[in-house]
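A.B. asks: Work out the full structure, taking the sequences as your base and the hints as a guide.
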Amino acid sequence: MAQSADHLVDQIAQLNAARNLVLGDAAFYPQIVNGVLPIIGSRARLELRRWGAEFLAETFSSPALASTQKEQLAANVLQAQREILELPEGDPLVLKHIVQSAASLYPLVFRHIINHPRDGAMWENMTAIKQGILRRWDSFPSQVKICCIKFVQRVVQVQTHGPIADPRRPDQNETSLAIVPRNHPVLSLPNLEAEASGLLDRLLSALQEESSDPILVNATLNCLAVLIRSRQSIGNKIINAIMNFFPARQVRPPITPAVRVGVKSMERTARAVLEHIMKRNANHPFFRKMEQHVDRLKNSRLEIVDDATRKRGPPAEPTDGLDKTKRTKLDAETPPLVKIPPLPPGPTSYSQLFTLTEDAEASRFDVKQLPPDLLVNIVVPILARVDQSALTQSIDAIRMRYETIQKRQAAQAPAAAAAADDDDDYEPEYQPMDVAEPASEQADAVAAEVAEIQPDLVSLGPFVLPQPPPLSEAEAAEVGRSAVGRVFGMLAASAVASNPAKGKNQQQPGFARLAGSTFDRDAWVTLLTRLATRAPAGLETGTGKFGQDASSRGKATISNTIRETLYRYILEDFRGRVNVGIMWLNEEWYNDRVQMQFTASQRRPEDEEATVPLFYDHWVLRLLDGFLPYIDSRDTKIFIRFLSEIPEVTIPITQRVASLAKDPERVNLCVQSLLYLIMFRPPAREICLNALEHVYETYEESRPAAGKVLAKWRPKAAQPQHEQQTTLASRGATSAAPVGSA
Amino acid sequence: MRVTTRSASNNTTTTTDNAAAPETPSTSTTTTTSSSSETDSYKLRFCTVCASNQNRSMEAHLRLSTATPSPFPVISFGTGSLVRLPGPTVTQPNIYHFNTTSYSQMYEELMAKDERLYRYNGLLNMLDRNRNLKWGPERFQDWVPGLPRVDHVAKGDKGARGTEGGVVDVIITCEERCWDAVVDDLMAKGSPLNRPVHVFNVDIKDNHEEALVGGKAILELAHRLNEAARLERRAAAADWENGQGEARRNFDERVPEILAAWQEKWPHLPALWTLAWL
Numbered sequence: 001m002a003q004s005a006d007h008l009v010d011q012i013a014q015l016n017a018a019r020n021l022v023l024g025d026a027a028f029y030p031q032i033v034n035g036v037l038p039i040i041g042s043r044a045r046l047e048l049r050r051w052g053a054e055f056l057a058e059t060f061s062s063p064a065l066a067s068t069q070k071e072q073l074a075a076n077v078l079q080a081q082r083e084i085l086e087l088p089e090g091d092p093l094v095l096k097h098i099v100q101s102a103a104s105l106y107p108l109v110f111r112h113i114i115n116h117p118r119d120g121a122m123w124e125n126m127t128a129i130k131q132g133i134l135r136r137w138d139s140f141p142s143q144v145k146i147c148c149i150k151f152v153q154r155v156v157q158v159q160t161h162g163p164i165a166d167p168r169r170p171d172q173n174e175t176s177l178a179i180v181p182r183n184h185p186v187l188s189l190p191n192l193e194a195e196a197s198g199l200l201d202r203l204l205s206a207l208q209e210e211s212s213d214p215i216l217v218n219a220t221l222n223c224l225a226v227l228i229r230s231r232q233s234i235g236n237k238i239i240n241a242i243m244n245f246f247p248a249r250q251v252r253p254p255i256t257p258a259v260r261v262g263v264k265s266m267e268r269t270a271r272a273v274l275e276h277i278m279k280r281n282a283n284h285p286f287f288r289k290m291e292q293h294v295d296r297l298k299n300s301r302l303e304i305v306d307d308a309t310r311k312r313g314p315p316a317e318p319t320d321g322l323d324k325t326k327r328t329k330l331d332a333e334t335p336p337l338v339k340i341p342p343l344p345p346g347p348t349s350y351s352q353l354f355t356l357t358e359d360a361e362a363s364r365f366d367v368k369q370l371p372p373d374l375l376v377n378i379v380v381p382i383l384a385r386v387d388q389s390a391l392t393q394s395i396d397a398i399r400m401r402y403e404t405i406q407k408r409q410a411a412q413a414p415a416a417a418a419a420a421d422d423d424d425d426y427e428p429e430y431q432p433m434d435v436a437e438p439a440s441e442q443a444d445a446v447a448a449e450v451a452e453i454q455p456d457l458v459s460l461g462p463f464v465l466p467q468p469p470p471l472s473e474a475e476a477a478e479v480g481r482s483a484v485g486r487v488f489g490m491l492a493a494s495a496v497a498s499n500p501a502k503g504k505n506q507q508q509p510g511f512a513r514l515a516g517s518t519f520d521r522d523a524w525v526t527l528l529t530r531l532a533t534r535a536p537a538g539l540e541t542g543t544g545k546f547g548q549d550a551s552s553r554g555k556a557t558i559s560n561t562i563r564e565t566l567y568r569y570i571l572e573d574f575r576g577r578v579n580v581g582i583m584w585l586n587e588e589w590y591n592d593r594v595q596m597q598f599t600a601s602q603r604r605p606e607d608e609e610a611t612v613p614l615f616y617d618h619w620v621l622r623l624l625d626g627f628l629p630y631i632d633s634r635d636t637k638i639f640i641r642f643l644s645e646i647p648e649v650t651i652p653i654t655q656r657v658a659s660l661a662k663d664p665e666r667v668n669l670c671v672q673s674l675l676y677l678i679m680f681r682p683p684a685r686e687i688c689l690n691a692l693e694h695v696y697e698t699y700e701e702s703r704p705a706a707g708k709v710l711a712k713w714r715p716k717a718a719q720p721q722h723e724q725q726t727t728l729a730s731r732g733a734t735s736a737a738p739v740g741s742a
Numbered sequence: 001m002r003v004t005t006r007s008a009s010n011n012t013t014t015t016t017d018n019a020a021a022p023e024t025p026s027t028s029t030t031t032t033t034s035s036s037s038e039t040d041s042y043k044l045r046f047c048t049v050c051a052s053n054q055n056r057s058m059e060a061h062l063r064l065s066t067a068t069p070s071p072f073p074v075i076s077f078g079t080g081s082l083v084r085l086p087g088p089t090v091t092q093p094n095i096y097h098f099n100t101t102s103y104s105q106m107y108e109e110l111m112a113k114d115e116r117l118y119r120y121n122g123l124l125n126m127l128d129r130n131r132n133l134k135w136g137p138e139r140f141q142d143w144v145p146g147l148p149r150v151d152h153v154a155k156g157d158k159g160a161r162g163t164e165g166g167v168v169d170v171i172i173t174c175e176e177r178c179w180d181a182v183v184d185d186l187m188a189k190g191s192p193l194n195r196p197v198h199v200f201n202v203d204i205k206d207n208h209e210e211a212l213v214g215g216k217a218i219l220e221l222a223h224r225l226n227e228a229a230r231l232e233r234r235a236a237a238a239d240w241e242n243g244q245g246e247a248r249r250n251f252d253e254r255v256p257e258i259l260a261a262w263q264e265k266w267p268h269l270p271a272l273w274t275l276a277w278l
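Note that the protein sequences, when read in sequence, are chains Z and F.
Under this note's numbering, read the first sequence as residues 1 to 742, first letter to last.
Under this note's numbering, read the second sequence as residues 1 to 278, first letter to last.
Calculated directly from the structure, the hints in this document are not laboratory data.
Every residue gets a Cβ at the ideal spot worked out from N, C-alpha and C, and that includes glycine.
If a hint is listed, it holds; no wrong ones were tucked in.
Simulated crosslink set (DSBU-like; lysine-lysine; CA at most 30 Å straight-line):
{"no.": "1", "chain 1": "Z", "residue 1": "279", "chain 2": "F", "residue 2": "189"}
{"no.": "2", "chain 1": "F", "residue 1": "205", "chain 2": "F", "residue 2": "265"}
{"no.": "3", "chain 1": "Z", "residue 1": "237", "chain 2": "F", "residue 2": "189"}
{"no.": "4", "chain 1": "F", "residue 1": "113", "chain 2": "F", "residue 2": "155"}
{"no.": "5", "chain 1": "F", "residue 1": "205", "chain 2": "Z", "residue 2": "279"}
Away from chain Z, derived, C-beta distances all over 12 Å, residues of chain F:
{"no.": "6", "residue": "89"}
{"no.": "7", "residue": "114"}
{"no.": "8", "residue": "115"}
{"no.": "9", "residue": "206"}
{"no.": "10", "residue": "219"}
Covered stretches of chain F (in silico footprint by chain Z; criterion: 3 or more residues with CB under 8 Å from a CB of chain Z, positions within the stretch not fixed):
{"no.": "11", "stretch": "185-193"}
{"no.": "12", "stretch": "254-262"}
{"no.": "13", "stretch": "265-276"}
C.D. replies: Set out below in C-alpha cells:
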C-alpha cells in the first residue's frame, strides 16, 4: 500500500510539474493534454481522476489557449470524459469538473460541427455527455447541480439566436443558432431551438419552486445576465421570471440565521442582475418595471426577514416564573388589562372623552380625512377580530368617564341639563368645551351665564344689520385710498414670496391666460393698473381734462391716487419693477384708445369738441423723468427693454432719451437705445433718427458712435460732418471706443 | 522549476503520513497546494477586494497569506477607477493608476512630499506593508480570470503560491459598493470559465483600526470555509472508497450557515454573499 501511495504521490508531482509547464507556456497544452489523458482515464485512481478532471476543466476554460487548439483537443477528451461519466462516476468533485469542462466544450464543439458536419463521432460524444448530465441533473449533489445550471445556461446560449456582428466574417460571430446554416446535415434548427426553450424553462424553474435553495437560485441568477444581454428573444421572459421571484415570500419559520443569509443573498443577487441590465440599457422597455421591482426587493427584505427576527413572539414557555409581565401574556385565564389613562384636568372635549390611547400622534389623527367607504372597510374587519375583553374594558372605561362628567355637570349647570332633555339618544347631555380654557372657574361662570341666557336666545327672530350711514365723498376717497394701500401692501409682500419661484415651476399660459388669476404679484399689479385706468373711466371726465388738473386742484381722484402710488412704487426700485411700469403704461395706452373710440361713437354732431383725457402721454413722461436721473450706463438692458415694450414712442420720449447724451458717461446708453428703436421699432424710426441726428450735432462725445449709426441709416446726415469727425477722432476714441458693436 | 522540486519534497512528507494511516486517502491531490507542509493541505484560493487595493483588502491579503499553520493562496484587487490616497486636505487626494504604479513608487513619492504628514496618518506604514506583500495595486475589472499568474509567484508576491492558474474559489469584498461592482463585473465578463465562485462582502470601515479588525474576521471566515471544503474532499473520497451514501453535505451547500455562524460572532461587520461565476 505504501508502495502504491508513494507511486501516486510521484505521479501527482509529475502532473503538477506538467501543469506548471503549460501555465508558463500555453504552447505545450496539446502535448500535455494528450499525454495525461491515459493516466487520468475512467479506470484511474480517484486522486488521478480528480486531478485530471480539474486540469481539463482548466484547460478548456483557459483564456491563454486559443479556441482552435481547444477544438483540436476536444475529440480525444470528449471520448475520455464520456467514458468516465458513463462508468458511472460517483465522486462529486470529478463530476463537478467534468460538467464544467462540458460547459466550456459545448460551444466549441457546436461551432466545430457547424463547420465540419462530417465529424459525427465528436457530436455524438458531446450529445451523450449532454444527455448524461441532463438525465442526472436532479439527482446530483448540489455542488454538481450548480455546474449543471451553468452547463444548461451555455446550451441555451448556444441554441438560441444570437447577434450577427458581421455576416461576412462568420468566425467573428458568437456561437449561436444564428450561424447554423438552414440545411445543416447534423444540426436541426427547430429541434435545437425547442430543446433550448425547454431547458430555459427548467433553468428558470429554480426561481419558481416553493422552497428555494439559495445556492441554486444564486447560481441561476448570476448566469442569467449574459442571456438577457445577448439573447433578445428570451431576455424579456427571463426578466419576468426574475421579477416574479420573491425570496422572502417562501420563508417559513423557523427563520434561522442561515435562512436569513440565504434570503438576503437571493434578494441582493436578483437586484444585482436587474441593476446590471438597467445600467447597460437605460432604454429597456422594462426599465421602469425593473426599477420598481428593485425598490420592492429592498423593502420586502426589511419587512419579512428583519421583522420576523427582530420582533420575537412570546417565549414558548415562561422564561422566568417570577416575572409577572411575561406570565400574564401566556396565561389564558386573565385577559390583558387595557390601560386607561386619566382624563386631563379641566373641561373635557368629545375627543378627549373617547381617547384611550396615550399616543399623541394617534389621537391627533383626523379620521374625517378618510372617505366613509374606506372607513367601513377598515372598521368592519377590525370589529370582527377585536379582542372581546379589551372592547368591554374600553367601553366600561368610557362609560365611567362619561358618568363622572355627567355628574359633575349636573351639579354645575342643572339648567343646561334640563334644557337639553333626552330627545335624542345620541346627544350627550353635557356641553363639551372644544376649546379648553385655562381657568375652570371662568368656564363655570360662562356655562352658568349661557344657561341663563339660552331661553331668550331661542325666542329671537332673524337679525338684520342696520344700514350703514352714507359715506361722504371724502370718506369714500379715504376708504378707497386705504384699500389701494392694502393692495400695495399685498404687492410688496407677494413680491418677496413668489418672485424666486416664478418661471421655473410655473408654466407660461401665453395668450390663453386670464389676467390676474394667479394671485401672485403680477395678478395684483394687473388689478391695480386696471383699477387705475378702467374702473373710473368716464366718471372723471367731468372733473378734469387731465390728471394733472385734478391733482393740481387738490381733489385727487381715486384713480389718480393709484397712479401716483404706482409711480412711486415703480420709482422705489426702477430696475426691479420696470415690468410693472410697462404693464401699467400699456394699460393706460389701451384705455386711452378705448376711451377715444367710445367718445367718438357717442359724439353727436352738435358737440363741438369732445375731449378725452389722455393719461399715457402724461405718465410715460413723468415716469421717464422720474428715473432718467438715476439710470446709468450699466442699465442699458433695462432701459432698452422699457423703451421697446412701452406701447408708443413719442417725440417727447425721444427728446428725453436724447438728453441722456448730455452726460458723457451715458452717451453710449443713449445711442444704443436709439439704435435699438431705429432697428426694431419702424414706426418710431424717423423720430428716433431725428433725435439721433440732434444728438450727433449737439454732443461731440456721441459722434463716433452716433456717426456709425447715422452712416448706415441716414447717410446724408452723417456726411457733412465727416471732416469734423476725423478731426475729433483722437478725442472721441477715448470716450466712445467700447461701442464697437454699433 | 524551483517550485516543482519543492512540491515534490512536500509531498514526500505526505507520503509518510499516509503510510501510517493507509485507509485515509491522500487529500493533497490538488494542483494548487504545493507549498504546504501540512498533511491535509487543501486550501481554498481567496481574492480580497476593496476600493483602492490599499488598506482593507491588503490587510486581509496580509492576514490570509501569513495564516498559520499554512498560508492561504490569495490575490487582491481594487474596484475603484483610480487608486486614491488621502492627501494634505480632503480635496487634494494623492491619485495613482492601477496596475502601473507600484507600492514602492508611491512610498517614495509620499516620503519625498511630506514625510511627517504621511508618517503621522499611517500611509507610509501601510504602503511599506503593501510593498512587502506584492508589487502594486491591481484593478478588479482588469483582471482576466484564468489567465496564468505564474509571474506573480516568480516576483515573490505573498500568497501567490497556489494562484498560478489565475482562478479563485472565494472573493471577499470589504464594502457593499465593491461587492456590487464585483458581481456586476463578473456578469459583464460573461463567466468564460464556467467556474463557480463565492462572493462575500464583509463591511469594514476604511480606516487602519477597522481594517485590522476586519482582516482578523476575514481570516476566521477563511478558516471556517476552508475547513468545510477540506471536509468535503475527505468525505467525498471516503464516500467513494466505502461506497456509502453519507456525507452528502458539501461545501457549497454549507456556505450560508457558515456565514451565519460567523456573523453571530462578528455582528458589527455586516456580511453578504452570493454564488457567482468566473
